[in-house]
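When you get a sec, could you build the whole thing from the sequences and use the hints?
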Amino acid sequence: MVKYLLRRILLLFPVLLGVSVIVFGIMFLTPGDPAVLMLGENAPAEDLAALRERLGLNEPAHVQFGLWLSRVVRLDFGRSIRSGRPVTAEIRARLPATAELAVLATLLAIAVGVPLGVLSATRPNSVLDHLATVGAFTGLAMPVFWQGLIMILLFAVVLGWLPPSGRLGGWQYYVLPTITLGTSAIAAITRMTRATMLETLNQDYVRTARSKGVRQRSITYRHALRNALIPIVTVIGLQFGGLLSGAVLTETIFSWPGIGRLAVDSIRARDFPTVQGVVMVFALLYALVNLLTDLLYAYLDPRLKTRYS
Amino acid sequence: MAEAHAPVRARAHGARSWWRILRSSPRTAVGALLLLVISLAAVFADVVSPHPPNRQYLRDRLQPPSAQYLLGTDHLGRDVLSRIIHGGRVSLQVGFVAVGLALAVGGVMGLLAAFYGRWVDSVISGFVDVLLALPGFLLALAIVAALGPSLVNVMIAVGISFVPQFARITRSAVLQVIEMDYVTAAQAAGSRDPRIMFKHVVPNALSPIIVQVTLSLAGAILSAAGLSFLGLGAQPPTAEWGSMLNAARGFIRDAHWAVTFPGLAIVVTVLALNMVGDGLRDALDPRRMVDQP
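Chains A and B, in that order, are what the protein sequence lines are.
Each residue of the first sequence is one higher than the one before, counting from 413 in this note's numbering.
Each residue of the second sequence is one higher than the one before, counting from 139 in this note's numbering.
Treat the hints loosely; a few may be bogus.
[Unchecked claim] Simulated coverage check for chain A against chain B, where a stretch passes if three residues somewhere in it have a Cβ under 8 Å from a Cβ of chain B:
1. 480-490
2. 526-532
3. 546-555
4. 597-606
5. 649-656
[Unchecked claim] Selected chain A positions facing chain B (in silico; Cβ < 10 Å):
6. Leu417
7. Ile421
8. Leu423
9. Pro426
10. Val431
11. Ile438
12. Met439
13. Thr442
14. Tyr585
15. Val587
16. Val660
17. Phe684
18. Tyr698
19. Asn702
Derived by calculation from the structure, the hints in this document are not laboratory data.
Ideal placement from N, C-alpha and C gives every residue a C-beta, glycine not left out.
Right, dumping it as structure tokens:
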């Protein structure tokens with residue numbers, strides 16, 4: 413188990429190094445002079461030259477990358493062109509809002525998706541099963557940004573039950589963004605739970621349990637669901653990537669002050685240090701959640717544990 | 139041996155087996171029909187649109203749906219239905235170009251990785267792992283951020299973000315086919331690598347790739363619309379579903395139809411592609427055929 417854990421953690425480094433090459437490369441190849449972007453078109457030539465020297469822009473690409481990376485590993489992404497504040501401080505101020513939203517959406521998706529998938533699988537071809545399937549297909553096809561707008565239209569404009577945007581001021585502000593962000597994850601988890609439950613309910617050990625006279629409830633939850641959990645956990649982990657992507661759009665629609673909106677605002681303002689910082693943080697978060705998923709996977713599947721110990 | 143050749147033989151009766159897939163699954167048939175209608179509307183957009191998509195009827199701004207404007211007008215007095223029909227053309231184009239790019243690049247990467255193995259596989263798989271380290275939409279977002287906002291850049295960015303999926307699927311499909319006796323036989327007979335790849339390996343590895351193309355089209359259309367919604371894709375006055383939503387969201391209180399209908403167009407298109415993709419997966423995957431009652 414420890415060996416597996418170490419292997420998995422060590423594998424993170426080459427991947428994150430690769431991401432940093434891509435993030436640096438993308439911004440490096442972008443047309444436009446960062447010094448001009450920071451100081452403005454009309455800055456005196458000597459100021460621009462001094463800034464270029466200070467930022468190392470006169471060095472060859474690999475030296476620039478080395479300089480940049482040595483700062484990035486210390487979580488120093490430079491200063492935001494827009495606000496002049498350190499990028500790390502900007503991200504730190506907004507990360508909690510995104511984390512809140514992502515965690516709430518994940519919890520909602522599990523709380524709705526798993527029971528719905530189990531119910532569908534235990535009553536295949538029932539009305540509920542068909543409704544859940546249609547709902548899941550629709551949920552997967554709905555663009556996050558449109559769903560958000562429709563929810564605002566319905567619950568804020570027409571019914572007036574919930575606030576259309578903002579974050580601080582009570583639980584009401586969390587409802588619409590959480591549902592908007594969580595919908596596609598609910599759909600994916602429902603579908604995966606239904607499929608794997610159908611498969612496990614057909615296994616021999618379930619038939620054995622049934623013939624022993626074990627109650628249906630106990631069969632469903634103790635025998636089948638526990639074994640179906642492994643692929644479900646994988647889907648939950650995979651959905652987190654979708655949640656990070658969805659957060660960019662959800663935060664934009666609901667004026668949610670998280671790092672997704674920070675990314676969009678920075679792209680529009682061509683604030684490249686901030687864009688680089690946010691993208692690296694997204695990659696780091698995604699990698700950590702994937703790591704966590706793999707560990708949970710190993711914990712749930714004893715076969716993996718023995719293979720690596 | 140006989141089983142290994144089965145997929146190729148099935149393809150010889152292509153039209154008939156497609157028909158069989160459609161008949162056996164109503165869901166797939168509905169999806170295919172919807173796709174046909176959407177595609178025809180996109181191709182003949184100039185003929186079927188009741189109004190020119192960019193014509194501004196300034197006296198008829200924010201009009202609700204009526205006989206004259208079936209789905210209403212937007213804040214500049216443009217006919218929403220005509221813009222949705224023309225927007226479909228843009229969305230399908232973006233989807234096809236992006237997925238084509240992903241298929242070409244990712245497919246070749248996967249083929250080379252599986253065919254040559256060893257260091258070629260290590261290098262390609264490592265690169266794919268790095269691309270997978272960012273969720274697809276965020277990768278596309280970062281690339282568009284660098285390239286600058288435009289529809290062409292969205293196609294490139296979304297295309298690149300789908301490369302890893304095609305590389306992986308092609309690699310695993312080819313790895314399965316390459317074990318077959320007829321590939322070994324061709325190698326023993328002295329066929330050159332490109333001939334083996336395209337004559338023996340690729341045709342037999344196509345099924346999962348076709349499924350992936352369909353499902354990726356749906357994903358690519360969603361991603362592209364999302365980027366346009368953020369103002370990073372199609373620029374005004376181009377009629378594109380995502381940018382129509384972006385322009386109309388400010389008027390949601392007065393003209394909900396300008397928000398509702400372009401979004402519905404996205405939902406229906408993506409839904410249709412997913413239904414067809416799912417149906418194809420069930421039909422083309424022999425393991426699943428056994429599972430099905």
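Hints versus structure:
no., hint, in the structure
1, 480-490, "violated (count 0)"
2, 526-532, "violated (count 0)"
3, 546-555, "holds (count 6)"
4, 597-606, "violated (count 0)"
5, 649-656, "holds (count 3)"
6, Leu417, "19 Å, violated"
7, Ile421, "15 Å, violated"
8, Leu423, "9 Å, holds"
9, Pro426, "7 Å, holds"
10, Val431, "5 Å, holds"
11, Ile438, "4 Å, holds"
12, Met439, "6 Å, holds"
13, Thr442, "4 Å, holds"
14, Tyr585, "18 Å, violated"
15, Val587, "18 Å, violated"
16, Val660, "7 Å, holds"
17, Phe684, "8 Å, holds"
18, Tyr698, "6 Å, holds"
19, Asn702, "9 Å, holds"
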